[in-house]
Amino acid sequence: MNQYWSRRIRDIVPYTPGEQPKDRKFIKLNTNECPYPPSPRVVEAIQEAAGECLRLYPDPECLDLRTAIARREGLDVSQVFCGNGSDEILAFAFQAFFNPDREVVFPSITYSFYPVYANFFGLKFREVPMNPDFSIPIDLLCGHNGGIVLANPNAPTGIAAGLDAVEKVLTANPDAVVIVDEAYIDFGADSAVGLIDRYPNLLVVQTSSKSRALAGLRVGWAMGNPGLIGGLRCVRDSINSYTVDRLAQAGAAAAFRDEDYFQGICRRVINTRERTVRALKDKNFTVLSSQTNFLFVSCPGRAGRALLDGLRERGILVRWWDRPDIQDWLRISIGTDEEMDALVQALCELIV
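End of the sequence shown sits at 377 in the working numbering; the numbers just go up one at a time, nothing left out.
Worth flagging that the hints you see were computed from the coordinates, not collected in a lab.
Some hints could be false.
[Stated by the list, open to error] Calculated cross-link-like contacts (lysine-lysine; reagent style DSSO-like; alpha-carbon spacing at most 30 Å):
id, residue 1, residue 2
1, 50, 306
2, 308, 50
3, 53, 306
4, 149, 193
[Stated by the list, open to error] For each label pair, taking beta carbons as the anchor points, the in silico distance ranges come out as:
id, residue 1, residue 2, range
5, 366, 133, 30 to 36 Å
6, 66, 152, 40 to 46 Å
7, 29, 61, 41 to 47 Å
8, 31, 85, 25 to 31 Å
9, 84, 292, 31 to 37 Å
Cβ atoms here follow ideal geometry from the backbone N, Cα and C, with glycine treated the same way.
Work out the full structure: start from the sequences and follow the hints.
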């Protein structure tokens, strides 16, 4: 510990991102990135924006990008906020809407950044235990809480809750903001965006990193009533008004204007996912139902860490967590058909 660290961070355990190898010898299935390139329109837009105007600050309001998002989602531009990746927006939301004297609630197995944010911002939080089948215990999220964070579909399990469950949580917590983190919504689940006008306490957060193949641009957005959007803007403008750079805004807006390409990527990922599920189940692996661009996989009688290490030795990276409730499970991103074939073959070699 550095003697100059503030008391605020001395006991913080930060989020650990997936490994980003410096060479290309690995099949990289550990960070839920898209296996396909972004739309050609994105590259064209970035090239056009990469000129003399880079000497100028970007639009702090991201108006062109927000307009593109609002048009696609059937919202008013005042209901959209953009940030430097959905992680930044989630951090802003934890500061804007949650109070230290009221408990924030989220599932015990979910995106591991949530407890990091809560600890960092000095918030009390409670993790509710999962159902035995890894589905989210919706009833335990209902009540007079200080805030709810619901990843839907959930990570790392891949399981989605229906909109009826989301509405149940919203109705049961009328005095608290319910954040629905929809990072993986485009791979088969139903978005809660259509509920925004009915529930003023709903904030939906999405990202361009997965289904729009823009993890390298770091663009995320939140959708909710203008009052919630105003709270996010207040936090942003108290820290850094220019969080989304000029190239990222141009590229993300172009991605939103190429709906056919976006839909094509989603279909390809879904088709490969279902093909891989069948192959793994044929080999007696346990695979949870997924509506994401990853799978949560285990093999009865096999330690997850041993499978993780064995795959790495064979040049394949996947994600594993050293915690008792999921230590025998792997989260495997969906790659190309060829990459997933290599994964299945490697896993079969490891269980012989």
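Okay, the hints, checked on the actual structure:
As the CA atoms of residue 50 and residue 306 are separated by approximately 28 Å, the hinted pair is consistent with the 30 Å bound. Straight-line distance between C-alpha atoms of residue 308 and residue 50 comes to about 26 Å, which keeps the hinted pair within the 30 Å bound. For a cut-off of 30 Å, the pair hint linking residue 53 to residue 306 stands: about 22 Å separates their Cα positions. With a CA separation close to 23 Å, the supplied pair residue 149 and residue 193 stays within the 30 Å bound.
Between residue 366 and residue 133 the Cβ separation comes to about 34 Å, which falls inside the hinted range of 30 to 36 Å. Range check, residue 66 to residue 152: Cβ separation about 42 Å, and the 40 to 46 Å hint holds. Separated by about 45 Å at the C-beta atoms, residue 29 and residue 61 satisfy the suggested range of 41 to 47 Å. The hint said 25 to 31 Å for the Cβ distance between residue 31 and residue 85, and at roughly 28 Å that hint holds.
Remark: the range hint 31 to 37 Å for residue 84 to residue 292 is upheld by a beta-carbon distance near 33 Å.
Every hint from the earlier list agrees with this structure, and none is contradicted.
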